[in-house]
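**Student:** The residues making up each chain are set out below.
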Amino acid sequence: MDTNTIDYKKERVAYYKVLIGLLLLTAVTFIQPHLFMAESTFLAQMTIAVVKAWLIIMYYMHLKGDKLIGMMGIFSLVIVATFMVIVIGFDVPNFQYGAESHITGPASAGVEHATPAKH
Amino acid sequence: MLITHIIHNTRRRKMSKSYFDETHCAIGHPKSTFMQWMLTVDHKRIGLMYAAVMFTFFFVAVATAFLMRLELFAPGAQFIDGDTFNQAFTLHGVIMIFLFIVPGVPAVLGNIVMPLMIGAKDVSFPRLNWFTFWLYILGALVALASLFTDAGFADTGWTFYAPYSLNTGTNVIFTLVAAFILGMASILTGLNFLVTIHRLRAPGMTFWKMPLFVWGIYATAWIQLLATPVVGITLILAIMEKYFGIGIFDPAKGGDPVLFEHLFWIYSHPAVYLMILPAFGIMSEIIPTFSRREIFGYRSIALSSASIAGIGYLVWGHHLYTSGMADTAKVIFSFLTFFVAIPTGIKFYDWVATMYKGKIILSTPMLWALGTIITFTIGGLTGVTIAMIGVDIHLQDTYYTVAHFHYAMLGGVVFLFFAGLHYWFPLMTGKMYNEKHGKISFYLQFVGFNLLWFPMFIAGYYGMPRRYFDYLPEFQIYHQVSFVGAVVFITGLIYMFVVFFRGWRYGEASGTNPWNATTLEWHLPSSPPPLENHSKVPYVDFEPYEYHHGQPVVKFDYETMKRID
Amino acid sequence: MSHEYIPEIATDRDGNKHEVQGWQDDFYGGKLGFWLFMFTEVLMFGAMFMVLAYYNTLHPQEFIEASASLNRLLGGINTVILLVSALTMGLSLLKMRVGDVKGAKLMIWATILLAIAFLVIKGFEWRAEYNHGIFLLHGEMLPESGMAFGKKLFFGMYFTMTGIHGFHIIIGIGLMIWLLKRINAGKVSPEHHILHWNIALYWDIVHLIWVFVFPYYYMIGAGGVTGGH
Numbered sequence: 000m001d002t003n004t005i006d007y008k009k010e011r012v013a014y015y016k017v018l019i020g021l022l023l024l025t026a027v028t029f030i031q032p033h034l035f036m037a038e039s040t041f042l043a044q045m046t047i048a049v050v051k052a053w054l055i056i057m058y059y060m061h062l063k064g065d066k067l068i069g070m071m072g073i074f075s076l077v078i079v080a081t082f083m084v085i086v087i088g089f090d091v092p093n094f095q096y097g098a099e100s101h102i103t104g105p106a107s108a109g110v111e112h113a114t115p116a117k118h
Numbered sequence: 000m001l002i003t004h005i006i007h008n009t010r011r012r013k014m015s016k017s018y019f020d021e022t023h024c025a026i027g028h029p030k031s032t033f034m035q036w037m038l039t040v041d042h043k044r045i046g047l048m049y050a051a052v053m054f055t056f057f058f059v060a061v062a063t064a065f066l067m068r069l070e071l072f073a074p075g076a077q078f079i080d081g082d083t084f085n086q087a088f089t090l091h092g093v094i095m096i097f098l099f100i101v102p103g104v105p106a107v108l109g110n111i112v113m114p115l116m117i118g119a120k121d122v123s124f125p126r127l128n129w130f131t132f133w134l135y136i137l138g139a140l141v142a143l144a145s146l147f148t149d150a151g152f153a154d155t156g157w158t159f160y161a162p163y164s165l166n167t168g169t170n171v172i173f174t175l176v177a178a179f180i181l182g183m184a185s186i187l188t189g190l191n192f193l194v195t196i197h198r199l200r201a202p203g204m205t206f207w208k209m210p211l212f213v214w215g216i217y218a219t220a221w222i223q224l225l226a227t228p229v230v231g232i233t234l235i236l237a238i239m240e241k242y243f244g245i246g247i248f249d250p251a252k253g254g255d256p257v258l259f260e261h262l263f264w265i266y267s268h269p270a271v272y273l274m275i276l277p278a279f280g281i282m283s284e285i286i287p288t289f290s291r292r293e294i295f296g297y298r299s300i301a302l303s304s305a306s307i308a309g310i311g312y313l314v315w316g317h318h319l320y321t322s323g324m325a326d327t328a329k330v331i332f333s334f335l336t337f338f339v340a341i342p343t344g345i346k347f348y349d350w351v352a353t354m355y356k357g358k359i360i361l362s363t364p365m366l367w368a369l370g371t372i373i374t375f376t377i378g379g380l381t382g383v384t385i386a387m388i389g390v391d392i393h394l395q396d397t398y399y400t401v402a403h404f405h406y407a408m409l410g411g412v413v414f415l416f417f418a419g420l421h422y423w424f425p426l427m428t429g430k431m432y433n434e435k436h437g438k439i440s441f442y443l444q445f446v447g448f449n450l451l452w453f454p455m456f457i458a459g460y461y462g463m464p465r466r467y468f469d470y471l472p473e474f475q476i477y478h479q480v481s482f483v484g485a486v487v488f489i490t491g492l493i494y495m496f497v498v499f500f501r502g503w504r505y506g507e508a509s510g511t512n513p514w515n516a517t518t519l520e521w522h523l524p525s526s527p528p529p530l531e532n533h534s535k536v537p538y539v540d541f542e543p544y545e546y547h548h549g550q551p552v553v554k555f556d557y558e559t560m561k562r563i564d
Numbered sequence: 000m001s002h003e004y005i006p007e008i009a010t011d012r013d014g015n016k017h018e019v020q021g022w023q024d025d026f027y028g029g030k031l032g033f034w035l036f037m038f039t040e041v042l043m044f045g046a047m048f049m050v051l052a053y054y055n056t057l058h059p060q061e062f063i064e065a066s067a068s069l070n071r072l073l074g075g076i077n078t079v080i081l082l083v084s085a086l087t088m089g090l091s092l093l094k095m096r097v098g099d100v101k102g103a104k105l106m107i108w109a110t111i112l113l114a115i116a117f118l119v120i121k122g123f124e125w126r127a128e129y130n131h132g133i134f135l136l137h138g139e140m141l142p143e144s145g146m147a148f149g150k151k152l153f154f155g156m157y158f159t160m161t162g163i164h165g166f167h168i169i170i171g172i173g174l175m176i177w178l179l180k181r182i183n184a185g186k187v188s189p190e191h192h193i194l195h196w197n198i199a200l201y202w203d204i205v206h207l208i209w210v211f212v213f214p215y216y217y218m219i220g221a222g223g224v225t226g227g228h
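Protein chains in written order, with numbering that gives the first Met the number 0: chain A, 0 to 118; chain B, 0 to 564; chain C, 0 to 228.
Because the hints were derived from the structure by calculation, they are not lab data. C-beta atoms are modelled at their ideal positions from N, C-alpha and C, and glycine is treated no differently. The reader is advised that the hints may include incorrect statements.
What the hints assert, rightly or not - Pairwise CB distance ranges, derived in the manner of DEER restraints:
1. Pro6/C x Gly69/A: 22 to 30 Å
2. Met387/B x Lys63/A: 46 to 54 Å
3. Val383/B x Ala13/A: 48 to 56 Å
4. Ile476/B x Gly138/C: 58 to 66 Å
5. Phe147/B x Gln23/C: 42 to 50 Å
6. Gly69/A x Tyr129/C: 41 to 49 Å
7. Phe337/B x Gly162/C: 35 to 43 Å
8. Phe337/B x Arg12/C: 41 to 49 Å
9. Met387/B x Ile87/A: 20 to 28 Å
10. Ile87/A x Gly162/C: 17 to 25 Å
11. Gly162/C x Gly323/B: 25 to 33 Å
So here's chain A without its partners, still in its complex pose (with noise of 0.2 Å):
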């Protein structure tokens, strides 16, 4: 890594226009659910999150181009996401006690409270 070498214009003007990236997908993150995929909020929210987590491993922590912990980084999400998926998607959705379960069952599942007001 050059450390001595860096063009300090260029490498700003980098920062503040990722971080108007960043705070305009924070907007959207706001006005979303009243705006588009409001079915799928989760989704859309999750997914522009994505993106800016991408922003910022890119360019605020300097990874782009750097092969070796790039590779590394994606082997750890992949095995975080493979939990995700067995469990998530597999084990719960087929769950086949929901009936006789304690925490799953319907009827006995806690009396709905309403919620406290917003603040």
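Since the structure of chain A is provided, determine the placement of chains B and C on it from the hints.
**Tutor:** Here is chains B and C on its own, set in the frame of chain A:
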């Protein structure tokens, strides 16, 4: 014929300094020998200190196990009650797993031997290495402190399953905190080794020229790094649940205890691969040296280490077959568990193929390696048995499982650890132990081990449950045979350590390469190794196991580390 | 280790010289080591997100309602604060690399102030929730209360994750203060700034975690009744 006194021995007369005479310290330049050991950053000394502490704890856990065997000699209570028995197997498990076998081979042999094998002067972060050792000591002290509290040591089993661990009055929090601290030590060791292997290999040593022990340590380091945080956070979540009632494991608030099991085993299954991969690495070093041949299938062994590390992350559910997982999930895990046995099988075939048409030398390290091939095969195959869902319904939490993992962990990891200790003993100490007595201790342990554990397969098949304090009289014969095995095995264990102590104190000087092996740790200028390891870092343009007609091909001039063959 | 380190040279059989990488003065090694440490943080928070997603799948409607009751304004302000603090930290590293040590220290101070502001706002949020009867071991979170399972679990994980995240922010503030001390002592400089680099990376990952925590907790209930999934 066994110990070849080569020309290197004459170097001894120069009275060169070894790593016992001088060291680098983390803080300042202390004069006293004691403080030099307390503050040393030298990977060789740190490895020795790990060994000293770990084996002390090992013997505490062996004593606890012997206590349990004694109690179980006959049905009914002999001299301890059921609650104490629960604490005993928890203590045994916590010490053996968190204090002994997880640090295990990486902490001792990984620290001492791996940097020497790649031609490095130390690990990438020596001060972190020092800090990590003391973190380990802190974790150990926290774990054992709970023995002396009023509430007593945890009685949950080393797996701390919710909801019992949340409700029990015994001192679970000490052990949870201790396990977290020890987990951090494991993570930092893995991190240190990963950077070391990526950055500090000698020039010319590509990944495909590394010795297979280094491959084993590398694969292990990935598991240490990525799997341990999951148990770390699980322990924190368990503490949050027990003391702050966040609800995630408490059915009264909608929490799911099976989620705890998922999270716990997401670490603890990869953890067993973390234990066996360095051990397999040791096997891959010993077999070529004592067959006087190049290893068969270097690439397949290296890649199988990597794939075991990778696939091992995916099989944790086989510990949850009887806990209420969805059937679909069970099938997936069963398939993946069968699949992960394949790379291990590949290794075994490669090792046997290496021995074919080799000139086998049955020194003690080789005896241990060969014994392990037998015991780990049994351990591994019985694991495949219980990977079958239908069979596991019957055998889960019986003595069959207990025998399986002891054959795999004790008969696999620990046996190979012992093999490695015998193999690298001359490297670490500069002395050689008594070969005849070394062999006797092996046979005692091998016979005792099988007497101790094999009857348990049968007992488990007939229904003897694990972690049970009492049992029906029909099982008594198995417990009695096991007890005899335990006595023989422990005798052999103590015998082996006596052999080590006597070897260190009274043994003959071994020279720098008593086994006439090829890898770089045997090409140091003096024995025991000097502080700065190799006199000069060599350029590596050779394979790690080059033999020609039983003799090493590569020869060095030890002043300049240039090849002279 | 400010002693001058001179790397060894290894010569191969053809006479070519190769520089040996030692453990001292290994900038890339320092960077690699810290990235590996950050992957452990990814695994830790990843496991917590998995717990959250697990209960979300079991109680989708209750999660949406609980999320709707969080204060999106304060959460949003915190998001922007952390975003700007990531910029200031990055600028401080840039200035250090270019030689502007004074400017670098100024930017680190700015980051510290923003971090403290984040914690203060989080404190207000938690206090408001406490006053509404929602806090650990308090009011609606007790087992005997009538609040639905899904909401109890949502809030249980909310306090855990924002708490652990806040703990990481406190550690970050500590690290930044230590960094300032090291700069003043001359141990961190434009020539030797791996520590600064790694602490900036640390701050970025603290921000990165919030980038996922915020939408998952605060925004999934934002769309009104349906919220969507």
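**Student:** For each hint, tell me whether it holds in the structure or not.
**Tutor:** Structure-based check of each hint:
{"no.": "1", "hint": "Pro6/C x Gly69/A: 22 to 30 Å", "in the structure": "holds (27 Å)"}
{"no.": "2", "hint": "Met387/B x Lys63/A: 46 to 54 Å", "in the structure": "holds (48 Å)"}
{"no.": "3", "hint": "Val383/B x Ala13/A: 48 to 56 Å", "in the structure": "holds (54 Å)"}
{"no.": "4", "hint": "Ile476/B x Gly138/C: 58 to 66 Å", "in the structure": "holds (59 Å)"}
{"no.": "5", "hint": "Phe147/B x Gln23/C: 42 to 50 Å", "in the structure": "holds (43 Å)"}
{"no.": "6", "hint": "Gly69/A x Tyr129/C: 41 to 49 Å", "in the structure": "holds (43 Å)"}
{"no.": "7", "hint": "Phe337/B x Gly162/C: 35 to 43 Å", "in the structure": "holds (42 Å)"}
{"no.": "8", "hint": "Phe337/B x Arg12/C: 41 to 49 Å", "in the structure": "holds (48 Å)"}
{"no.": "9", "hint": "Met387/B x Ile87/A: 20 to 28 Å", "in the structure": "holds (26 Å)"}
{"no.": "10", "hint": "Ile87/A x Gly162/C: 17 to 25 Å", "in the structure": "holds (23 Å)"}
{"no.": "11", "hint": "Gly162/C x Gly323/B: 25 to 33 Å", "in the structure": "holds (30 Å)"}
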